[in-house]
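Asker: Spelled out, the chains give:
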Amino acid sequence: MNPTIQSGTHPDAESLTAFAEQLLPAAEREQVLAHMSTCSRCREVVFLAQQAEDPTTLRVQATEAKMPRALWFGGWRWAWLPVAALAGFTGVAVVQHFRHAEPEPQMTAKLSPTDALRKTEPAKSAPAITQPASLPQAELHKTKPAVPSEARDGSLHQADKDEEKQLDQKKSVNQNELAAVSGVTSSPGISGGSVHGMMAARAKSPAIGGPMAANQFQQNQLQQSLDQQNLAQLNLTKPKPLPQLQSTATDAANKPSSAGPAPASAAQTVNVEAETMELTPTPAPAAAPQISPMPLTGKNYAALSAGSAAKRKVQKITLPNGLGVLSVASEAGRSIALDTAGAMFLSEDDSKHWQPIPSQWTGRAMFVRTRPVAALHGALGELQTVRFELVNDKLQTWVSFDGKTWTAQSLPLQ
Amino acid sequence: MDAAPIQPVDDALAVATSAAPIAIDPALLDDLWRECGAGIWGLQRSEFDRIILLVALRQNFGLLPKAIVARDQQAAFFSCVKLADLVLAKACAAGNERAWEHFMTLYGQPLTRAAIAISGSETLGRDLADAFYAELYGLNTRDGERRCPLDSYRGRGSLLGWLRTTLAQRFVDHYRRTFREQALDDRVHDAPAPDAATDPEPALLASLRQAVNAALHDQPAEERFLLAAYYVDEKTLAEIGHVLHVHEATISRRLKRATDAVRKQLMRNLQKSGTSRKAAEEALGIDPRDLDLKMDLRKLLQNSQPEPIQDQAPWAQATANPAATQENAAIAQLSDKAKTTG
Chain A
1 MNPTIQSGTH PDAESLTAFA EQLLPAAERE QVLAHMSTCS RCREVVFLAQ QAEDPTTLRV
61 QATEAKMPRA LWFGGWRWAW LPVAALAGFT GVAVVQHFRH AEPEPQMTAK LSPTDALRKT
121 EPAKSAPAIT QPASLPQAEL HKTKPAVPSE ARDGSLHQAD KDEEKQLDQK KSVNQNELAA
181 VSGVTSSPGI SGGSVHGMMA ARAKSPAIGG PMAANQFQQN QLQQSLDQQN LAQLNLTKPK
241 PLPQLQSTAT DAANKPSSAG PAPASAAQTV NVEAETMELT PTPAPAAAPQ ISPMPLTGKN
301 YAALSAGSAA KRKVQKITLP NGLGVLSVAS EAGRSIALDT AGAMFLSEDD SKHWQPIPSQ
361 WTGRAMFVRT RPVAALHGAL GELQTVRFEL VNDKLQTWVS FDGKTWTAQS LPLQ
Chain B
415 MDAAPIQPVD DALAVATSAA PIAIDPALLD DLWRECGAGI WGLQRSEFDR IILLVALRQN
475 FGLLPKAIVA RDQQAAFFSC VKLADLVLAK ACAAGNERAW EHFMTLYGQP LTRAAIAISG
535 SETLGRDLAD AFYAELYGLN TRDGERRCPL DSYRGRGSLL GWLRTTLAQR FVDHYRRTFR
595 EQALDDRVHD APAPDAATDP EPALLASLRQ AVNAALHDQP AEERFLLAAY YVDEKTLAEI
655 GHVLHVHEAT ISRRLKRATD AVRKQLMRNL QKSGTSRKAA EEALGIDPRD LDLKMDLRKL
715 LQNSQPEPIQ DQAPWAQATA NPAATQENAA IAQLSDKAKT TG
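Residue numbers (the working numbering), protein chains in the order written: chain A, 1 to 414; chain B, 415 to 756.
Keep in mind that the hints are not guaranteed to be accurate.
[As the list claims (entries may be wrong)] Here are the computed distance ranges between Cβ atoms for each label pair: (1) B:G451 x A:P25: 20 to 30 Å; (2) A:V94 x B:R667: 47 to 57 Å; (3) A:L86 x B:R667: 33 to 43 Å; (4) A:E21 x B:A663: 21 to 31 Å; (5) A:G91 x B:P634: 55 to 65 Å; (6) B:D557 x A:A27: 32 to 42 Å; (7) B:R448 x A:P25: 27 to 37 Å; (8) A:L86 x B:D486: 33 to 43 Å.
These aren't lab readings, by the way, just hints derived from the structure by calculation.
Backbone N, C-alpha and C fix where the C-beta goes; we use that ideal spot for every residue, glycine too.
Next comes chain A alone, as it looks inside the complex:
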């Protein structure tokens, strides 16, 4: 405090109070300010009076001063409402978008397995692959019913029935595999066409997820083009397509329950088709149980496992000439494989080393298989052995017991 006593008149307490409380008119306030600018006494009075305000008010002010400063977005409190509404609307739009995109697979899932198979039929590129083993149904029937009944005894009939049962099981397993193969190019339970349309629509959509869907769609397109190239390469190995056989195999797969005991060659044709479809990189075994027309019993599962093991075996085989494996048959550590060019290779050390087998047949070898011979001899079960069979592109069969020497099989096949 300035102790200098200054003479002169001063504003009264009421004027100073009114000044401090901002109640003075402008002109009078200017006069008081002009006086206080040179009067330390009045300045001190005003500052002391302000300092002596109600301590409760001071405490409140101190508390407010200690309160944390409002957040920078505190002034945006009302602006968050439209932002939150916009975010909610966007979320609802995204959910609705995906809900509208999903009805097709849901509808597909509601269809019967047969319908699902029919839906997947246009998407699969199986026809070119099924050609090597697809035979005319009439000719296929010729392969087995041509056996003379008088040449068979009772045991032979029983063996034949057992063989037919095994073939039926194989057929059912192959049908499962066919269904799995047909689902290779599509998601489980989703038809390829519907997926293609949905992905294309999502890729073209400017909504959220559009670019991601576009990327996925391009990858699918690229994968499909690669698959088609592989299939086209396989097609080069065949002189001409056989659409009739394709439809036969498809019908057999679509109508498993109504179809009777299918010819063994037809069933095995489908099996080959499944094996060749291993060229597609995306395995779809998970889709098979969903669309399988037959219940997966223990037997079927064993057959399916055997088929899967065979497929895995095919995958592991590497032929000396570097070509892909078209067909393979193994028995007791001895394996015979056909490459995509029709050349035959023999391995006697469980597919570790392969030696080429000179061609002893006419036409182009398309398919090899094993057939137990003991079943044909009935009581001579102790002499049971397995012979290899080869089918060329003219549906002629050659047989061999050691895989090296092949002889033409005269009809009827036994």
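Based on the hints, put chain B in the right spot on chain A.
Answerer: Here is chain B on its own, set in the frame of chain A:
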């Protein structure tokens, strides 16, 4: 400011006797009676009418004396005053016991706390409050007549604010009266006397004094108040802002602007009086690159003559004031500093 802003306490009651007869609309009185709520603490209606009439007689409703006042003007006048506080203060001044009880209920504790805050000591504060209570109660008499400061309250501001301001005035006046009775500090006592040989030339002192007066006088009153409060009283920006009801950042900006303006005006005035720029800068004792005029302005403002509230030309009296000797000493210090820095 009204015609009698600094009304001595002695003349407060004289107005009632000299005022012209005045009539107040009974309907307005009824409205004012309901508005002030004085009946709650026991004030009689007749006493209320008398208080209102006395206020109207003293202030003539804020208009010129003997002016004819319409009912709307009367209502406007009472709407601008703190009616409840005014009636309570007048009732207390008149010696109404219920009014005193109500007054002590409302302002007893706040006044004690304010006294403690003003004095900075609880003991001194309670003493100050007790003395003020006695003064308010009218224990002081002059010419055998009871005197009550509350009688000078006119209701322009709040009664509590008026009480605090009055309390601060009492404390400041008491301090200023008694500080000379205190023992001097050894440091101050042993301070060397200013060297007379370092005094600058009288011509330079005169020109510098005129330049300072002109530079400060050209500034608005609020800027001068800011400079004085900040540089002389050393108040903080927050304290100044609290008094002026503006943010301290605003005070800071205005202070910088006022400092720059004073410096420029001071340099201009010195050059106008024939002093070269270099000599003017040396006279101010500042480096041209240094814009801080704190020390200089503090000394200059501290030794300025207080402006009488009704005199709009205070600076003309500066040379005739006894405090001019101190101002001369300050200017001498400035010149001395200029020499040392030069």
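Asker: Indicate, hint by hint, whether the structure satisfies it.
Answerer: To see whether the hints hold, each was checked on the structure:
The hint said 20 to 30 Å for the Cβ distance between G451 (chain B) and P25 (chain A), and at roughly 28 Å that hint holds. Look at V94 (chain A) against R667 (chain B): about 51 Å separates their beta carbons, and that is inside 47 to 57 Å. Under the hint 33 to 43 Å, the C-beta atoms of L86 (chain A) and R667 (chain B), about 40 Å apart, fit the expected range. Distance hint check for E21 (chain A) and A663 (chain B): the Cβ-Cβ separation is about 23 Å, which falls inside the suggested range of 21 to 31 Å.
For the pair G91 (chain A) and P634 (chain B), the beta carbons lie near 59 Å from each other, so the given range of 55 to 65 Å is met. Distance hint check: the CB atoms of D557 (chain B) and A27 (chain A) are about 36 Å apart, consistent with the given range 32 to 42 Å. Roughly 28 Å separates the CB atoms of R448 (chain B) and P25 (chain A), a value that falls within the hinted 27 to 37 Å. Distance hint for L86 (chain A) and D486 (chain B): a CB-CB separation of about 55 Å, inconsistent with the stated range 33 to 43 Å.
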